[in-house]
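Novice: Just so you know, the sequences run in chain order A and B.
Under the working numbering, the first residue of the first sequence carries the number 1, and numbering increases by one thereafter.
Under the working numbering, the first residue of the second sequence carries the number 1, and numbering increases by one thereafter.
I should point out that these hints are in silico values taken from the structure, not numbers from a laboratory.
Among the hints, a few may not be true.
Stated by the list, open to error - Calculated lysine-lysine pairs in the DSS-like style (CA-CA distance at most 25 Å, straight line): (1) A:428 x B:6; (2) A:548 x B:116; (3) A:428 x A:566; (4) B:57 x B:116; (5) A:548 x A:428; (6) A:642 x A:682.
No experiment lies behind these values; they were computed from the predicted model shown.
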Amino acid sequence: MNALGAAALTAALLTSIYAGVAALIGARSGDRRWVDSSRRAFYALMGLMLVSVVCLEAAFLRSDFSLSLVANHSSTTTPTGYKLTAMWGSQAGSLMLWATVLSVAASSVLFATRHTHREVAPWATAVMAAIATFFLGLMMAGALFPSADTFPFLTLASPPPEGAGLTPLLRHPAMAIHPPMLYAGYVFFTVPFAFAIGALITRRLDASWIRSTRRYALIAWLFLTVGLALGARWSYSELGWGGYWAWDPVENAALMPWLTGTAFIHSIMIQERRGMLKTWNVSLIVATFVLSLLGTFLVRSGILQSIHAFGESKVGLPLLILIATVIIGSTILIISRLDDLRTERRFDSLLSRESMFLGNNLLLVGLALIVFWGTFFPLISELFTGQESSLAAPWFNRYTTPIAIGLLFLAGVGPLVAWRRVSLASVKRSLAIPLIAAVAVTGLLLLVGVDFEPLALALFFAAAFTITSVSQELWRGTSARRSLSGGSLPSAFASLISRNRRRYGGYIVHVGIAVMLIGVAASSSFQTSRDLRLQPGQEATVDEYTVKYDRAFTNLNTEEVSKEQKLAFGAVLSVWRDGEQVALLSPEREYYSGVAADPSAPIRSFFEGEATSEVGRTETASRDLWTAMQPDLSSFDALIDKGDSRYARFAATVPQNDPAAQAVLAQTQGELIRALGAEYEKQAPPADIRFNVNPFVLWLWVGVGISVLGALFALWPGAELRRRRVSDVYAARLARELSEV
Amino acid sequence: MDPARKRQIRLVVALSAAVLLAVALIYTSFNAGTDAIEPSELMARADDGKSYDVTGKVADGSVERGTVTRFEILDRDGTEGAPVEYTGVVPDPFREGREVIVTGSLNEQGVLVAEKDSLITKCPSKFEEEFGDDPNVEIVGG
Numbered sequence: 001m002n003a004l005g006a007a008a009l010t011a012a013l014l015t016s017i018y019a020g021v022a023a024l025i026g027a028r029s030g031d032r033r034w035v036d037s038s039r040r041a042f043y044a045l046m047g048l049m050l051v052s053v054v055c056l057e058a059a060f061l062r063s064d065f066s067l068s069l070v071a072n073h074s075s076t077t078t079p080t081g082y083k084l085t086a087m088w089g090s091q092a093g094s095l096m097l098w099a100t101v102l103s104v105a106a107s108s109v110l111f112a113t114r115h116t117h118r119e120v121a122p123w124a125t126a127v128m129a130a131i132a133t134f135f136l137g138l139m140m141a142g143a144l145f146p147s148a149d150t151f152p153f154l155t156l157a158s159p160p161p162e163g164a165g166l167t168p169l170l171r172h173p174a175m176a177i178h179p180p181m182l183y184a185g186y187v188f189f190t191v192p193f194a195f196a197i198g199a200l201i202t203r204r205l206d207a208s209w210i211r212s213t214r215r216y217a218l219i220a221w222l223f224l225t226v227g228l229a230l231g232a233r234w235s236y237s238e239l240g241w242g243g244y245w246a247w248d249p250v251e252n253a254a255l256m257p258w259l260t261g262t263a264f265i266h267s268i269m270i271q272e273r274r275g276m277l278k279t280w281n282v283s284l285i286v287a288t289f290v291l292s293l294l295g296t297f298l299v300r301s302g303i304l305q306s307i308h309a310f311g312e313s314k315v316g317l318p319l320l321i322l323i324a325t326v327i328i329g330s331t332i333l334i335i336s337r338l339d340d341l342r343t344e345r346r347f348d349s350l351l352s353r354e355s356m357f358l359g360n361n362l363l364l365v366g367l368a369l370i371v372f373w374g375t376f377f378p379l380i381s382e383l384f385t386g387q388e389s390s391l392a393a394p395w396f397n398r399y400t401t402p403i404a405i406g407l408l409f410l411a412g413v414g415p416l417v418a419w420r421r422v423s424l425a426s427v428k429r430s431l432a433i434p435l436i437a438a439v440a441v442t443g444l445l446l447l448v449g450v451d452f453e454p455l456a457l458a459l460f461f462a463a464a465f466t467i468t469s470v471s472q473e474l475w476r477g478t479s480a481r482r483s484l485s486g487g488s489l490p491s492a493f494a495s496l497i498s499r500n501r502r503r504y505g506g507y508i509v510h511v512g513i514a515v516m517l518i519g520v521a522a523s524s525s526f527q528t529s530r531d532l533r534l535q536p537g538q539e540a541t542v543d544e545y546t547v548k549y550d551r552a553f554t555n556l557n558t559e560e561v562s563k564e565q566k567l568a569f570g571a572v573l574s575v576w577r578d579g580e581q582v583a584l585l586s587p588e589r590e591y592y593s594g595v596a597a598d599p600s601a602p603i604r605s606f607f608e609g610e611a612t613s614e615v616g617r618t619e620t621a622s623r624d625l626w627t628a629m630q631p632d633l634s635s636f637d638a639l640i641d642k643g644d645s646r647y648a649r650f651a652a653t654v655p656q657n658d659p660a661a662q663a664v665l666a667q668t669q670g671e672l673i674r675a676l677g678a679e680y681e682k683q684a685p686p687a688d689i690r691f692n693v694n695p696f697v698l699w700l701w702v703g704v705g706i707s708v709l710g711a712l713f714a715l716w717p718g719a720e721l722r723r724r725r726v727s728d729v730y731a732a733r734l735a736r737e738l739s740e741v
Numbered sequence: 001m002d003p004a005r006k007r008q009i010r011l012v013v014a015l016s017a018a019v020l021l022a023v024a025l026i027y028t029s030f031n032a033g034t035d036a037i038e039p040s041e042l043m044a045r046a047d048d049g050k051s052y053d054v055t056g057k058v059a060d061g062s063v064e065r066g067t068v069t070r071f072e073i074l075d076r077d078g079t080e081g082a083p084v085e086y087t088g089v090v091p092d093p094f095r096e097g098r099e100v101i102v103t104g105s106l107n108e109q110g111v112l113v114a115e116k117d118s119l120i121t122k123c124p125s126k127f128e129e130e131f132g133d134d135p136n137v138e139i140v141g142g
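Working from the sequences, and respecting the hints, build out all of it.
Specialist: Okay, structure coming up:
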C-alpha cells in the first residue's frame, strides 16, 4: 500500500505538470480541447491525492513503522483517532494536506466554472497547477533528499518495533482539527488569487472573476476563523498559563490573512456594485495569498522564536522563493494592467456604504500591517541595528485595541448607510436607537460598579451599538416585508433573511464578532489571576473566593499494567464564596513515559518526558473559574530513584529472550508506578496552583459560533445562486450554438 | 469646493494619518522592543535596568523549584551563565539541558529576575526528531 501511495503521489506530480502545460497551451491558442483536458487533469489530480492520503492514513492505522513518518509521529499506543490526525503533526504530512485540499478546491471551482470564464479560467488553472506542482515537487524532492523530510512515504530499512508517538500536548480534540482548518483556510484563498491573476492577464477586470470566486474567499475565511478559534481554545484548556491569545508569531501568521481576507470580502462588494477599487481588490487578494504562504512558511521555517517553531526545516528556502515569485510577478502584472484597472466611478459621498467599507478596509489592512511589523520586528531590528529585539503583548494591544473598537463601531454603522449617498438626517434617525442603547448599556455597567477601564468600556459601547443597530435593521426589514406580503412575524423574518442570505448572513457575523469581542475585552481587562502554593488541607483566599486543597488524586491507565502510558497527579480543589461551595475542580498534571525514554530508569522517564496540564474549570455565562496545578515533585526524587534501582536490580536477573519473564518485568514497572501514585495520594507534596477568575470567556466561544453560523448561512446556496446557475447554463448553451454557426 | 480639490484634501489627510501611524509604530517598537541576548552578554551589560530576552540552556543540576523557581541559564556553548529567579507557570517541557527563553532584567546581586510567565521552552525536539539523516533510510516507490 505504501508503494501504491508513493506511486499515486508521483503520478500526481506528473498530472499537475500536465494540467499546467495543457492550460497554458489552451489559454494561448484558445483551443477548448486543451482547456477541457487541463480541467480533467485536475479532477484526476484530486483522485490521485485522495488515494495517496488514504494509503498514508492506512499506514498510520496499521502502525506501519517501516514508514519513517509513522515511526516518528505515531505509536501502537496512540489512540486510534489521533493516529489519523498524526499525519499533519509532521512536515511531510502537512505538505500532503496542502496539496490535497488544493486539488479539491481547484477541482470544485473548475467544475463550477466549466461553462463560463472561457478566457480567465485557463490561466487560473495554470496558476493553480503551478502551485500544486510546487508543493508536490517539494514532496517528491524529499524522495531524493531524505534529510529534507518532505516525502511522506520515506521508508526505514530496519523499522523500529515501536514508534515515537504523538506529542501528548497535541492529543486534544481541538488540536486534531486545528491544523487542517488553518491549512484549508490558507489553501482556499488560492482560488480567488488564481482567478485574479487570470483576470489580470486577460484584462477581463470587471467583477465576474469576483462573482465566481467570492464563495471560496468566504469558505477560506470560515476555515481560518474556526482554525484560529480552535487554537485559542486549545491554548486555554491545555497550556497551563490560562490565556487564549499571546501574539505569538505563528498565531499572528494565521491572523494576518484573516484580516486581509476579511477586508477583501467587504471590498469586493464595492467592485460588484459600483465598479470601484479594482486595483485595491487584486492587490488585497495577492496580499492575502502571500500571507497564507507566509503562514505556512513561518510554521515551518523556525526563523522566529515561538512555541510553534517546529525546529529548523529545509522547506523554508523553497517557500521563500515561491513567496518572492508571487509578490514580484503579481506586482509587475498589476502595474502593467493599471489602465484596465481604472475605476468606473468615483466616491459620491463620505456618508455612503462604500465609504464605510473603505474605512473598514483601511482599518483591517492597518491592523494587518501592525501585526506584520510586530511579528517580524525581531528580523527588522536585527537588520537595522544588528540587535534582535522582540515586541510583547502590551505593544500589540496598544494598537490593536483601539482599531478593533473602531472596526466594531463600523460594523454597526455600515448596515445603516445606503450605497452612493445618504442624507445626514436619515443617518441620524437610524443612529438614534443604537446610540441610546449603547449609552444606556455603558451607563448601566458603570452603575453596577464595573471598574473604570476606558478601553473596555469603549468596546462594550461599540458592541452594544452594533448589536442594536443590526437588530434594528432586521426589525425594519421584517416589518417592511410584513406590510408588503402579510403573514406572521417569524415567517416574514424568515422570508426576509432567506431572500438575501449574503447580506443577512453578514449581519449575523457582525453580531458574532461583537459578542466575541465582549468576551475578549471582559476577560482581558477584568481577570483575576493568582499563583498559590498549597498542600492538601490548606486553603487560600483570592478576592471573594476561598480555594481549598481538599485532597490529592492520581490517575493511571490501570487496565493493562504492562502498557502504563500516562500517570497523572491531580488536586481536588473546592472553591467557596460566602460560605457556599461554588465549584469542585480537579486540575491535573499528566506525565507520559516516552518510548524513547531510558529503559533502565522507567520511573524517572515519566518525569523526563513530556508533561501536560489538564485544566480544571467551570464555565458559566458570567465567569470561568480556571485552575491549573503542578506538584513540586522534588521531595519524590529519592523515592523515584529507589523505584528505578529496584527495577534495575530485578531487570538484571531477567533473561532478555524470555517473553514470560519480560511480561513479569513490565508488570513490576506498573506496580512500582502505582506504588508511587499511592504515596502521592497519601503524602502529596505542595503544588503550585494558578487560580484565575476569567469573566465572560464563554462569550468569546459563543461569538465565534454565531459568526460561523452567519458565514454558513451566507454560503448556503440560496435562490440567487440557483437562478444564476440556470442562466449560466443557458448562456453557455447559447455561446456554444453561436460558435458552431 | 470643487470635487477635485476635495479629493486632494482627503488624500493629504489620509496620507498624513498613515505617515503618523507609521512613525508611531516605528518609534514605539524600537523603544519597547526587548533585545534578545545570550547570558554572557547579559552579564557584560550588567545592571542597566533594561529588560532582555535571554536565550540559553538550563544548566544541569541547577533547577530548584518552589514558589520562586531558581535555575542557571547558560550560553549555547555552555560556558558562561547567569542565575535566574522566576515566578509563574513553568512550561511543561521545561527541563535541565533544554533551550529556554526568559525575559527579565539583572538586579544588583547579578541575578536575572524574570518577568512573571515569561519562560518559554523551545518546542520539544521529539516533535521533529528526524530519522532523516539516518543511514538506514531507504526510498520506496518514487
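Novice: Regarding the pair residue 57 of chain B and residue 116 of chain B, is the alpha-carbon distance no greater than 25 Å?
Specialist: The hint holds at about 19 Å.
Novice: Given the hinted pair residue 548 of chain A and residue 428 of chain A, is their Cα-Cα distance within 25 Å?
Specialist: 55 Å, violated
Novice: Between the alpha carbons of residue 548 of chain A and residue 116 of chain B, is the straight-line distance 25 Å or under?
Specialist: 24 Å, holds
Novice: Do the alpha carbons of residue 428 of chain A and residue 566 of chain A lie within 25 Å of each other, as the hint requires?
Specialist: 63 Å, violated
Novice: For the pair we were handed, residue 642 of chain A and residue 682 of chain A, check the Cα-Cα distance against 25 Å.
Specialist: 18 Å, holds
Novice: Can the restraint linking residue 428 of chain A and residue 6 of chain B be considered satisfied, given a maximum Cα separation of 25 Å?
Specialist: OK: residue 428 of chain A and residue 6 of chain B at ~24 Å, within 25 Å.
In terms of the numbered hints stated before, the structure departs from hints 3, 5, listed from lowest to highest.
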